[in-house]
Amino acid sequence: MAGTRFATRYAKALIDLAKELNQMDAVREDMMTIQSAIKVSRDLRNFLQSPVVKPAEKIKGLQAVFASTTDLTKKFLKLVVRHGREGGLNHIAGGYLTRYNKANGIVEARVVTASPLSEAQRNNLQQRFAATGAKETSLKEVVNPDVIGGLVVRVGDLQVDATIATALNRIDQHFKKNSYIADF
1 MAGTRFATRY AKALIDLAKE LNQMDAVRED MMTIQSAIKV SRDLRNFLQS PVVKPAEKIK
61 GLQAVFASTT DLTKKFLKLV VRHGREGGLN HIAGGYLTRY NKANGIVEAR VVTASPLSEA
121 QRNNLQQRFA ATGAKETSLK EVVNPDVIGG LVVRVGDLQV DATIATALNR IDQHFKKNSY
181 IADF
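Throughout the sequence shown, residue numbering follows this note's numbering, covering 1 to 184 in sequence.
Calculated directly from the structure, the hints in this document are not laboratory data. In this text, a Cβ means the ideal position worked out from N, Cα and C, and glycines have one as well. Any given hint could turn out to be false.
Stated by the list, open to error - Here are the in silico distance ranges between beta carbons for each label pair:
#1 T33 / A13: 27 to 37 Å
#2 L79 / Q127: 16 to 26 Å
#3 N178 / E136: 43 to 53 Å
#4 S50 / R5: 19 to 29 Å
What the hints assert, rightly or not - Distance condition first, Cα-Cα at most 30 Å in a straight line; then the derived BS3-like pairs of lysine-lysine:
#5 K102 / K75
#6 K140 / K19
#7 K176 / K140
#8 K75 / K58
#9 K78 / K12
#10 K78 / K54
#11 K102 / K78
#12 K58 / K135
#13 K135 / K60
#14 K74 / K12
#15 K12 / K140
#16 K140 / K177
#17 K12 / K60
#18 K39 / K12
#19 K176 / K75
#20 K78 / K60
#21 K39 / K54
#22 K39 / K176
#23 K12 / K58
#24 K60 / K140
#25 K54 / K102
#26 K39 / K78
#27 K75 / K60
#28 K60 / K39
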């Protein structure tokens, strides 16, 4: 947790500045690009975390890789590298996106199902989230055949598990805990 405390501070500073300059949406796109690039590129992760690569080279590399980003984001990347925090860039981007979503009433939900959701099911979930006051919902769908049926919905720290697999496990635990003797 202490390792990401700085990321929270940097993310807060960036979103405050982006709000002041009216560039929150553009910086959001940049942070999504940065986060996905770091996630998929092992070379980029190694480059950012390498103590051998000099900060000036890291700045040049990041400017080249993220050339399409806003000037604010480019300046922010320079600042992060100059302070030696480039290893936490993924956490900073994630922190920015979390703060952006909170400021704009966007709810991120992760839905795990046995098969892909139909459009009707997706719309039903969107409507249920809207009823809770969410302005917009970002659904991340995960297909896991082990679920058997039903779904698991996770929003922040709250998780609702309405799967057949969990129901079967509960029944199994109940029978293991309580001896059942048939009277026939």
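Verification of the hints:
{"no.": "1", "hint": "T33 / A13: 27 to 37 Å", "in the structure": "19 Å, violated"}
{"no.": "2", "hint": "L79 / Q127: 16 to 26 Å", "in the structure": "42 Å, violated"}
{"no.": "3", "hint": "N178 / E136: 43 to 53 Å", "in the structure": "46 Å, holds"}
{"no.": "4", "hint": "S50 / R5: 19 to 29 Å", "in the structure": "23 Å, holds"}
{"no.": "5", "hint": "K102 / K75", "in the structure": "24 Å, holds"}
{"no.": "6", "hint": "K140 / K19", "in the structure": "26 Å, holds"}
{"no.": "7", "hint": "K176 / K140", "in the structure": "36 Å, violated"}
{"no.": "8", "hint": "K75 / K58", "in the structure": "13 Å, holds"}
{"no.": "9", "hint": "K78 / K12", "in the structure": "17 Å, holds"}
{"no.": "10", "hint": "K78 / K54", "in the structure": "13 Å, holds"}
{"no.": "11", "hint": "K102 / K78", "in the structure": "26 Å, holds"}
{"no.": "12", "hint": "K58 / K135", "in the structure": "39 Å, violated"}
{"no.": "13", "hint": "K135 / K60", "in the structure": "39 Å, violated"}
{"no.": "14", "hint": "K74 / K12", "in the structure": "17 Å, holds"}
{"no.": "15", "hint": "K12 / K140", "in the structure": "24 Å, holds"}
{"no.": "16", "hint": "K140 / K177", "in the structure": "36 Å, violated"}
{"no.": "17", "hint": "K12 / K60", "in the structure": "25 Å, holds"}
{"no.": "18", "hint": "K39 / K12", "in the structure": "22 Å, holds"}
{"no.": "19", "hint": "K176 / K75", "in the structure": "61 Å, violated"}
{"no.": "20", "hint": "K78 / K60", "in the structure": "9 Å, holds"}
{"no.": "21", "hint": "K39 / K54", "in the structure": "22 Å, holds"}
{"no.": "22", "hint": "K39 / K176", "in the structure": "43 Å, violated"}
{"no.": "23", "hint": "K12 / K58", "in the structure": "23 Å, holds"}
{"no.": "24", "hint": "K60 / K140", "in the structure": "34 Å, violated"}
{"no.": "25", "hint": "K54 / K102", "in the structure": "36 Å, violated"}
{"no.": "26", "hint": "K39 / K78", "in the structure": "20 Å, holds"}
{"no.": "27", "hint": "K75 / K60", "in the structure": "12 Å, holds"}
{"no.": "28", "hint": "K60 / K39", "in the structure": "20 Å, holds"}
When each numbered hint is compared with the structure, violations occur for hints 1, 2, 7, 12, 13, 16, 19, 22, 24 and 25.
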